[in-house]
Amino acid sequence: MADVKKIATREAYGAALCEFAPKYDFVVLDADLAAATKTGMFKKAYPERFFDCGIAEGNMMSVAAGIASTGKTVFASSFAMFAAGRAFEQVRNSIGYPHLNVKIGATHGGISVGEDGATHQCNEDFATMRSIPEMVVINPCDAVEARAAVEAAILHDGPVYMRFGRYACPILNGEDYKFELGKGVCLADGSDVTIVATGLMVSIALEARELLAKEGISARVVNIHTIKPIDKDIIVKAALETGALVTAEEHNIYGGLGSAVAEVLVENCPVPMARVGVEDTFGRSGTVPALLEYYGLTAENMAKKAKEVIERK
Amino acid sequence: MTEARIVELKNKANDIRIGIIDATHAAKSGHPGGSLSIADIMTYLYFEKMNIDPTNPKMADRDRFVLSKGHTAPALYSTLAHRGFFPVEDLLTLRKIDSYLQGHPDMNKIPGVDMSAGSLGLGISSACGMALAGKIDGKDYRVYTMLGDGESEEGQVWEAAMFASHYKLDNLCVILDLNGLQIDGPITEVMNPMPHDKKFEAFGFHVITIDGHNMEEIEAAFAEAETVKGKPTAIIAKTVKGKGVSFMENSVSWHGAAPNDEQHAAAIAELKERYI
Chain W
1 MADVKKIATR EAYGAALCEF APKYDFVVLD ADLAAATKTG MFKKAYPERF FDCGIAEGNM
61 MSVAAGIAST GKTVFASSFA MFAAGRAFEQ VRNSIGYPHL NVKIGATHGG ISVGEDGATH
121 QCNEDFATMR SIPEMVVINP CDAVEARAAV EAAILHDGPV YMRFGRYACP ILNGEDYKFE
181 LGKGVCLADG SDVTIVATGL MVSIALEARE LLAKEGISAR VVNIHTIKPI DKDIIVKAAL
241 ETGALVTAEE HNIYGGLGSA VAEVLVENCP VPMARVGVED TFGRSGTVPA LLEYYGLTAE
301 NMAKKAKEVI ERK
Chain Z
314 MTEARIVELK NKANDIRIGI IDATHAAKSG HPGGSLSIAD IMTYLYFEKM NIDPTNPKMA
374 DRDRFVLSKG HTAPALYSTL AHRGFFPVED LLTLRKIDSY LQGHPDMNKI PGVDMSAGSL
434 GLGISSACGM ALAGKIDGKD YRVYTMLGDG ESEEGQVWEA AMFASHYKLD NLCVILDLNG
494 LQIDGPITEV MNPMPHDKKF EAFGFHVITI DGHNMEEIEA AFAEAETVKG KPTAIIAKTV
554 KGKGVSFMEN SVSWHGAAPN DEQHAAAIAE LKERYI
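Read top to bottom, the protein sequences are chains W and Z.
Numbering follows our numbering, in which position 268 of the first sequence is assigned residue number 268; successive positions increment by one, without gaps.
Numbering follows our numbering, in which position 84 of the second sequence is assigned residue number 397; successive positions increment by one, without gaps.
Just so you know, not all the hints are guaranteed correct.
Said to hold, decoys possible - For each label pair, taking beta carbons as the anchor points, the in silico distance ranges come out as:
{"id": "1", "chain 1": "W", "residue 1": "23", "chain 2": "Z", "residue 2": "448", "range": "48 to 58 Å"}
{"id": "2", "chain 1": "W", "residue 1": "308", "chain 2": "Z", "residue 2": "496", "range": "48 to 58 Å"}
{"id": "3", "chain 1": "Z", "residue 1": "499", "chain 2": "W", "residue 2": "134", "range": "14 to 24 Å"}
{"id": "4", "chain 1": "W", "residue 1": "254", "chain 2": "Z", "residue 2": "517", "range": "58 to 68 Å"}
{"id": "5", "chain 1": "Z", "residue 1": "410", "chain 2": "W", "residue 2": "300", "range": "48 to 58 Å"}
{"id": "6", "chain 1": "W", "residue 1": "48", "chain 2": "Z", "residue 2": "540", "range": "43 to 53 Å"}
{"id": "7", "chain 1": "W", "residue 1": "134", "chain 2": "Z", "residue 2": "453", "range": "33 to 43 Å"}
{"id": "8", "chain 1": "Z", "residue 1": "481", "chain 2": "W", "residue 2": "263", "range": "28 to 38 Å"}
{"id": "9", "chain 1": "W", "residue 1": "281", "chain 2": "Z", "residue 2": "563", "range": "24 to 34 Å"}
{"id": "10", "chain 1": "W", "residue 1": "158", "chain 2": "Z", "residue 2": "499", "range": "35 to 45 Å"}
{"id": "11", "chain 1": "W", "residue 1": "263", "chain 2": "Z", "residue 2": "364", "range": "40 to 50 Å"}
{"id": "12", "chain 1": "W", "residue 1": "46", "chain 2": "Z", "residue 2": "410", "range": "45 to 55 Å"}
{"id": "13", "chain 1": "Z", "residue 1": "499", "chain 2": "W", "residue 2": "266", "range": "50 to 60 Å"}
Hints were generated in silico from the structure; no laboratory data involved.
All C-beta atoms in this analysis are idealised placements derived from N, C-alpha and C, irrespective of residue type, glycine included.
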């Protein structure tokens with residue numbers, strides 16, 4: 001995939017805020033990370049609609065709720081660790097409970113934060129945000145999807161959590177891509193097994209599909225950009241038609257996509273399943289490729305798990 | 314205010330206190346102590362000060378109030394009920410399974426509640442957000458928020474104070490209910506948050522200290538707050554926890570306990586004596 005254009009989804013987030021600013025009435029908050037979350041692009045273009053809250057994420061979330069209570073849509077940004085971790089309770093009580101139009105743009109999600117290491121690598125945000133009633137949780141796989149997710153979040157009535165990545169990742173979707181909140185996308189068909197992936201793992205799942213094809217195994221790849229509400233139908237269909245699933249996510253194997261898919265399967269259509277993710281451990285410093293290798297977030301590991309679940313059919 | 318108006322408001326505050334006692338008695342739980350301590354200020358805000366309309370609770374340019382110390386919801390509900398936002402008899406449904414009167418304020422269920430709050434430290438931040446929105450839109454509405462003195466031990470209160478000052482939110486007025494007691498005991502013994510006046514001053518607030526049960530002082534403080542430009546105001550209201558019911562006054566045990574039938578009867582009898 002060396003020739004594929006790569007852009008970090010956080011870049012697309014910042015660009016989307018600027019692009020949609022003339023069309024929709026919203027303001028943007030950040031907590032002293034505008035340069036990193038890329039809300040800095042919006043700050044530069046629309047300074048009168050941008051408010052820095054300083055290094056006080058809890059306050060930022062409750063402030064966002066107060067602004068939203070007057071009828072405005074608010075984007076509130078920080079790193080995933082602080083948005084979904086430190087400010088969990090403010091997101092739950094100030095934003096979630098009153099069902100306010102606050103859209104949380106959380107960047108630096110997952111292990112692909114890289115060298116900053118464990119304190120800043122949030123592998124728990126899907127779990128915490130998914131547990132808040134009626135919270136929508138989105139994790140786009142590329143810049144095109146990230147842009148579309150921002151507009152979908154604006155149009156959705158209620159709170160939305162969006163995870164964006166720091167690491168440049170391949171653009172998989174065309175400019176004509178239609179994003180539907182809550183709908184998974186079948187990126188490649190297959191009949192022996194399905195890899196259900198999210199975010200950065202989607203492009204790697206496509207690589208895993210190539211590896212499996214070389215061994216005569218036909219793998220379907222489904223991109224789940226909306227982790228909540230999850231697309232039950234596409235998962236059940238994959239289970240019925242391919243008979244085995246592997247999930248792949250840059251998140252603890254507990255509480256995230258793997259858990260969400262397992263919930264759908266056990267209640268509707270149990271089939272052999274395996275999870276690729278961070279296996280209940282903290283992150284560490286390293287380059288992104290080294291980290292993905294270290295934690296098994298690789299095409300090789302996905303292919304290995306795919307063969308294992310096929311064996312268990 | 315005329316003498317006659319002051320008498321009217323004092324009697325109204327008494328109505329509100331009776332509502333607090335009736336509601337917590339009916340609920341068999343709730344927080345009467347800190348509700349009674351703010352009854353006079355709540356009365357002044359809702360019956361004299363704030364631009365609100367009970368027939369149109371979501372009026373766009375209304376003044377707003379956030380009960381940051383949301384556990385004292387009985388005071389807010391009794392005030393809203395007596396102001397005409399919903400029937401006074403509904404106060405007796407407080408905290409019951411089929412009631413809209415939740416244990417802590419819910420903006421989506423209760424007419425007149427501007428923000429869901431009650432997890433301590435969060436409401437003041439939301440009030441800052443409302444005040445900032447007013448500035449963004451060039452509106453002249455004012456935002457009031459009531460903080461508990463124990464609540465001021467929450468770090469977020471000071472994050473919010475920094476924010477309010479930084480964005481020059483002179484349309485924001487923070488009231489601190491300084492009744493001196495929190496669940497585990499006197500605030501100075503549990504985790505001393507004093508001195509509030511110097512802290513708020515250091516955070517860039519205009520600070521006014523009053524007797525939170527004196528209508529003239531309450532009126533003067535809110536009038537002064539409106540004249541302050543370029544910075545938010547904090548009114549430190551010295552109050553008595555449980556004010557108006559002798560056996561509840563200055564007693565930690567009435568922070569979060571409801572009166573039984575006998576105590577309820579005694580409290581109501583005492584409050585009825587207070588009408589002027």
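(message) Output the indices of the hints that this structure fails to meet, ascending.
(response) 1, 3, 4, 6, 8, 9
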